[in-house]
Amino acid sequence: MKPSPFEYHAPRSIDAAVAVLAEVGHDGKVLAGGQSLIPILNMRLASPAHLVDINRVSGLDTVEVTAEHVRIGALVRHAQLEHHDGAYAAQPLLRQALLNVAHPVIRNRGTTVGSIAHADPSGEMPSVLVLTAGVVEATSVRGTREIPAAEFFLGPLESCLAEDEVATAVRFGRFSPGTGTAFQEIARRHGDYALAGMAAVVTVRDGVITEAGASFVSLTATPDILDLSAALAGATPEDADYAAAAALVRDHVDPDADIHASAEYRRMLAGAIAERLLPVAARRGIRQRSEQEATA
Amino acid sequence: MTTHPATGEALHTVSVVVNGGLRTAQVPARRLLSDFLRHDLGLTGTHVGCEHGVCGACTVLVDGAPMRSCLMFAVSAEGHEITTVEGLAARSGAAEGDLGPVQQAFIDSHGLQCGFCTPGFLTTVTAYLESNPDPTPDEAREAISGNLCRCTGYQNIVTAVCRAAELIEERGI
Ligand SMILES: Cc1cc2nc3c(=O)[nH]c(=O)nc-3n(C[C@H](O)[C@H](O)[C@H](O)COP(=O)(O)OP(=O)(O)OC[C@H]3O[C@@H](n4cnc5c(N)ncnc54)[C@H](O)[C@@H]3O)c2cc1C
Ligand code: FES
Ligand code: FES
Chain C
0 MKPSPFEYHA PRSIDAAVAV LAEVGHDGKV LAGGQSLIPI LNMRLASPAH
50 LVDINRVSGL DTVEVTAEHV RIGALVRHAQ LEHHDGAYAA QPLLRQALLN
100 VAHPVIRNRG TTVGSIAHAD PSGEMPSVLV LTAGVVEATS VRGTREIPAA
150 EFFLGPLESC LAEDEVATAV RFGRFSPGTG TAFQEIARRH GDYALAGMAA
200 VVTVRDGVIT EAGASFVSLT ATPDILDLSA ALAGATPEDA DYAAAAALVR
250 DHVDPDADIH ASAEYRRMLA GAIAERLLPV AARRGIRQRS EQEATA
Chain R
0 MTTHPATGEA LHTVSVVVNG GLRTAQVPAR RLLSDFLRHD LGLTGTHVGC
50 EHGVCGACTV LVDGAPMRSC LMFAVSAEGH EITTVEGLAA RSGAAEGDLG
100 PVQQAFIDSH GLQCGFCTPG FLTTVTAYLE SNPDPTPDEA REAISGNLCR
150 CTGYQNIVTA VCRAAELIEE RGI
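These protein sequence lines are chains C and R, in that order.
Here the first sequence stands for residues 0 to 295, where the numbers follow numbering that gives the first Met the number 0.
Here the second sequence stands for residues 0 to 172, where the numbers follow numbering that gives the first Met the number 0.
Any given hint could be a false lead.
[As the list claims (entries may be wrong)] Now the in silico label distances, taken between C-beta atoms and shown as ranges:
| id | chain 1 | residue 1 | chain 2 | residue 2 | range |
| --- | --- | --- | --- | --- | --- |
| 1 | C | 162 | R | 21 | 31 to 39 Å |
| 2 | R | 80 | C | 140 | 31 to 39 Å |
| 3 | C | 204 | R | 114 | 30 to 38 Å |
| 4 | R | 78 | C | 246 | 30 to 38 Å |
| 5 | R | 1 | C | 261 | 34 to 42 Å |
| 6 | C | 176 | R | 135 | 34 to 42 Å |
| 7 | R | 0 | C | 98 | 40 to 48 Å |
| 8 | C | 45 | R | 21 | 28 to 36 Å |
| 9 | C | 85 | R | 135 | 43 to 51 Å |
| 10 | C | 24 | R | 168 | 55 to 63 Å |
| 11 | R | 136 | C | 240 | 25 to 33 Å |
| 12 | C | 243 | R | 16 | 35 to 43 Å |
[To be verified] Listing some non-contacts, in silico: residues in chain R with all C-beta distances to chain C over 12 Å:
| id | residue |
| --- | --- |
| 13 | 21 |
| 14 | 28 |
| 15 | 42 |
| 16 | 69 |
| 17 | 91 |
| 18 | 112 |
| 19 | 114 |
Simulated from the structure, these hints should not be mistaken for lab results.
All C-beta atoms in this analysis are idealised placements derived from N, C-alpha and C, irrespective of residue type, glycine included.
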């Protein structure tokens, strides 16, 4: 099907973009990569009267790596971030997760900030933002604000962005030395939305796990962090009780059933992924620390 | 700004370089790039299967990178360079009337039956081989995982991707 008519705006600056959004109010929608919005328009699930295409706004396409974070502008495509070696070195979870976001062709156009603004519980990057204690930077005619990831997601497809706000960038946090990360999801076909997915982080100090946590894809209504330290801290990566951690994961997740899988099946997958993924993250933690020491 | 004579909808003048030539048409903002290519420019090689990004039949190259033309508006393509299946042979440097290496490989390997999905495979594979010139069959399968084909069962398409890599090497492209 085809979208219903709308008025098209192609501002060249953020100031111009937020001015239009302020004027049109509830009738306006931001268009970034369009890889989620245009299917919705084509199926006429939404028919906004105004589209504000931010693709011609300058200065939004940069990836910036600092000691504390990886900051990406609203026009950084998934593919650009995936291939950015500096971003991978600083926060490996980015590439590990991005490889699971749709297919390469979709990643050439879709933006990472757009997938966070879209707040899909089946999206990978909202979970990564939460697990890395990230921040969303938002601008409107009323000014700018920074929203911690933990407060950003209100429900499925619902964020706390106001209708006149543009998310101009997000910042993914970095982990302390000795922290290993891993990401895995299970989908019917690679590139499809996950039946169940998980991002894991494990910190190892002096050969012993000190902290562990995870966030989830298609398993919780909004992304949140499950602290797994109670099950894993104090043990070595070889001896840790990953089955106990997997039990915590199964208790925590609250998946919905749909035509692809029942809730019980997704819960079972969550436990299986946890048992597989946490040792991988722990081993990477050890390796990460020895590499740090080698270069220090 | 002009308006559509029947509907009164505002029309935008969109100029895009398609297969090396500048093309211009007046279209409403909601015109999908896929429909712009097919209806306004008459380039019906780009096929439309689903219009929600899933089937891959509509894939074209935008500044050399494969993208879904059904998930882009023509107005957003203004100023960009588009290559459709009609432009692949010329882009590969093939002589007028000859096929490009990826097209030839699909014929050699029987990589199509009805051909509906083929334009999307050809554009996707062309771009893929530019950054991965020597894929294994497993990598070739992964490369086409975003394109659906209802006829072939994919085996011959995987073979065609590997054959295309050989042809590109042989032709020294
Ligand atoms: C076939 C297919 C498979 C896919 N599979 C996956 C998958 O497995 N995992 C996954 O995570 N995603 C998947 N996607 C979606 C893809 O990742 C999108 O790129 C992403 O969800 C949205 O980014 P976008 O830039 O395309 O945003 P758009 O589609 O342009 O916008 C999406 C929504 O966010 C809003 N928005 C976008 N940017 C901003 C901004 N800067 N400020 C304020 N609001 C904004 C828009 O108004 C809109 O409501 C898939 C898409 C397709 C077509
Ligand atoms: S028509 Fe564009 S992906 Fe199916
Ligand atoms: S050849 Fe018929 S759909 Fe692929």
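Hints, one by one, checked against the model:
| no. | hint | in the structure |
| --- | --- | --- |
| 1 | C:162 x R:21: 31 to 39 Å | 38 Å, holds |
| 2 | R:80 x C:140: 31 to 39 Å | 35 Å, holds |
| 3 | C:204 x R:114: 30 to 38 Å | 60 Å, violated |
| 4 | R:78 x C:246: 30 to 38 Å | 55 Å, violated |
| 5 | R:1 x C:261: 34 to 42 Å | 54 Å, violated |
| 6 | C:176 x R:135: 34 to 42 Å | 36 Å, holds |
| 7 | R:0 x C:98: 40 to 48 Å | 43 Å, holds |
| 8 | C:45 x R:21: 28 to 36 Å | 34 Å, holds |
| 9 | C:85 x R:135: 43 to 51 Å | 29 Å, violated |
| 10 | C:24 x R:168: 55 to 63 Å | 57 Å, holds |
| 11 | R:136 x C:240: 25 to 33 Å | 40 Å, violated |
| 12 | C:243 x R:16: 35 to 43 Å | 60 Å, violated |
| 13 | 21 | 19 Å, holds |
| 14 | 28 | 3 Å, violated |
| 15 | 42 | 18 Å, holds |
| 16 | 69 | 7 Å, violated |
| 17 | 91 | 19 Å, holds |
| 18 | 112 | 21 Å, holds |
| 19 | 114 | 20 Å, holds |
Violation of the numbered hints given earlier is confined to hints 3, 4, 5, 9, 11, 12, 14, 16; the remaining hints are satisfied by the structure.
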